[in-house]
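J.: Those protein sequence lines, which keep their order, are chains G and S. Position 16 of the first sequence, counting from 1, maps to 16 under our numbering, and the rest follow consecutively. Position 102 of the second sequence, counting from 1, maps to 102 under our numbering, and the rest follow consecutively.
Among these hints, one or two may not hold up.
Claimed, not checked - Here are the computed lysine-lysine pairs in the DSS-like style, where the Cα-Cα straight-line distance is at most 30 Å:
hint : chain 1 : residue 1 : chain 2 : residue 2
1    : G       : Lys151    : G       : Lys141
2    : G       : Lys141    : G       : Lys77
3    : G       : Lys94     : G       : Lys11
4    : G       : Lys11     : G       : Lys296
5    : S       : Lys36     : G       : Lys11
6    : G       : Lys296    : G       : Lys349
7    : G       : Lys94     : S       : Lys36
8    : G       : Lys151    : G       : Lys233
9    : S       : Lys58     : G       : Lys11
Hints in this document: simulated from the structure, not taken from any laboratory.
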Amino acid sequence: MSSLMQEIGDKAMALGVPLAVQVDLTYRCNERCVHCYLDHHDHGEMTTAEIKHLLDEMAEAGVFILTLSGGEIFLRKDFFEILEYARQRTFCVKLKTNAVLIREQDARRIRELGVESIQVSIYSHRPEVHDAITLVPGSLKRSVGAIRFLKSQGLRVIMANVLMTQNRQDYPAVRALAAELGVECTLDPTVTPMMDGDRSTVSLGVDSSALREVFRDSSLVGDVDEFCAIPAKVDQSELEAIPCSAGHTACYVSPYGDVFPCVQFPVPTGNVRNQRFVDIWRHSERMNEVRSIRLKDLATCTQCTHVSSCTRCPGLAYMEGNMRGPSSQDCEKSFAKTGIPSANMLAKKLAPPNLIQIKTVQIQPAQIPPLPTMDGATA
Amino acid sequence: MSKLYVARNPRVAARSLDGEMMIMSGRDSTLFTLNKTATILWQAADGATSLDEIVEHKICPEFDVEPTVALHDAEALARELAGHEILQVSEQPIPPRTAAPGEAR
Chain G
1 MSSLMQEIGD
11 KAMALGVPLA
21 VQVDLTYRCN
31 ERCVHCYLDH
41 HDHGEMTTAE
51 IKHLLDEMAE
61 AGVFILTLSG
71 GEIFLRKDFF
81 EILEYARQRT
91 FCVKLKTNAV
101 LIREQDARRI
111 RELGVESIQV
121 SIYSHRPEVH
131 DAITLVPGSL
141 KRSVGAIRFL
151 KSQGLRVIMA
161 NVLMTQNRQD
171 YPAVRALAAE
181 LGVECTLDPT
191 VTPMMDGDRS
201 TVSLGVDSSA
211 LREVFRDSSL
221 VGDVDEFCAI
231 PAKVDQSELE
241 AIPCSAGHTA
251 CYVSPYGDVF
261 PCVQFPVPTG
271 NVRNQRFVDI
281 WRHSERMNEV
291 RSIRLKDLAT
301 CTQCTHVSSC
311 TRCPGLAYME
321 GNMRGPSSQD
331 CEKSFAKTGI
341 PSANMLAKKL
351 APPNLIQIKT
361 VQIQPAQIPP
371 LPTMDGATA
Chain S
1 MSKLYVARNP
11 RVAARSLDGE
21 MMIMSGRDST
31 LFTLNKTATI
41 LWQAADGATS
51 LDEIVEHKIC
61 PEFDVEPTVA
71 LHDAEALARE
81 LAGHEILQVS
91 EQPIPPRTAA
101 PGEAR
């Protein structure tokens, strides 16, 4: 993070301003990714007018960075109307999409509207692997084709690669593909549970030995010795820090208007269909509870060697049952980096080599439905 | 001396934080923050009001500064912001527009 962005973040936190908000426009999707945490049925999405009203409220509340995500955002027929409205309200707009539906004229329109960046999920450079994860034949070809359209318009594109057992060998080639296309690439080793608490998707994530390899890849982490170093003992003042920006300078709004501290932290705090966004942000009891938590309040984690360096996600901890508890997936990451079990692992007497149960998912591409087009017809 | 007109570039992202503008360049995602004086100039840059009117009516009443000095500084600032493509400067009034086709990031 740049020092200016850090400075702005600090100022926003001191003032209680929600600097960055992710709005999911829909949970509907034209892919069926095996690791997805969403239910893809439409349970009553916000209308165009409701979303525009929300954007007005968010602009007034001081939101600067607006991430539009889903589901697949291009399945909303009013997507460009919403995007245009968001840009008129001078948000810094970022998009998350699988890009399958983006054609050349769409890429041009996105450029004209001044979108800051477009993140596209790419799981592998091999169609047989990527398409087996999205469960849509031909999806890699279409996503990469769309990245070329976007790039040709001079747009900033980021390839997002989620590391799973199915694609664990492929990330170097995905990064090479990104370099060839002239786009950025990120690698995320965390597969999250479903928003309803179902944890079956977590088993698709890589095991400790794969994580250890990734964390020792200098092309990813830079100085391996520094990245995997045993953390220094924490100063008491460091425990006054907040766990992350969720609820402090950032939050999430679902397609149904529910406001959560983060997309990975599904604590219901209010609904913008019944309350003003800023009232939920400032006065929700649950939001203020999340906001009140400091590292010193995390009973298990304060006893842990990794407390100062751990990537502990409070949302993942919440989904394990306690927002002040540890997040086992982050314990595994800290262990993979340093070889030192976390306080949570020791308390549970977990034997490190068997921490993660790997389950292979059988995929049958023949059952995959044809791709829908933007107007809902079948391609 | 001819009048100068200034207009906000519609391709940038902008929001006020505690009275100071945060601006993200549409060209290369560079982030800028404007101090309170520059923020007043930015907010008044509608393309129709000349820079000397902005200085006279918006900046001088807020700050204890000589109008000629303020205008000189405002012009330098406007040209600097134009260099970053976050403001447009012209000797003619600038009509409202959306981003022009073909305008690169």
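J.: It remains to establish, for every hint, whether it holds in the given structure.
T.: How the hints compare with the structure:
no., hint, result
1, G:Lys151 / G:Lys141, "holds, 15 Å"
2, G:Lys141 / G:Lys77, "holds, 23 Å"
3, G:Lys94 / G:Lys11, "holds, 22 Å"
4, G:Lys11 / G:Lys296, "holds, 23 Å"
5, S:Lys36 / G:Lys11, "holds, 15 Å"
6, G:Lys296 / G:Lys349, "holds, 23 Å"
7, G:Lys94 / S:Lys36, "holds, 27 Å"
8, G:Lys151 / G:Lys233, "violated, 45 Å"
9, S:Lys58 / G:Lys11, "holds, 26 Å"
The structure fails hint 8 only (numbered hints given earlier).
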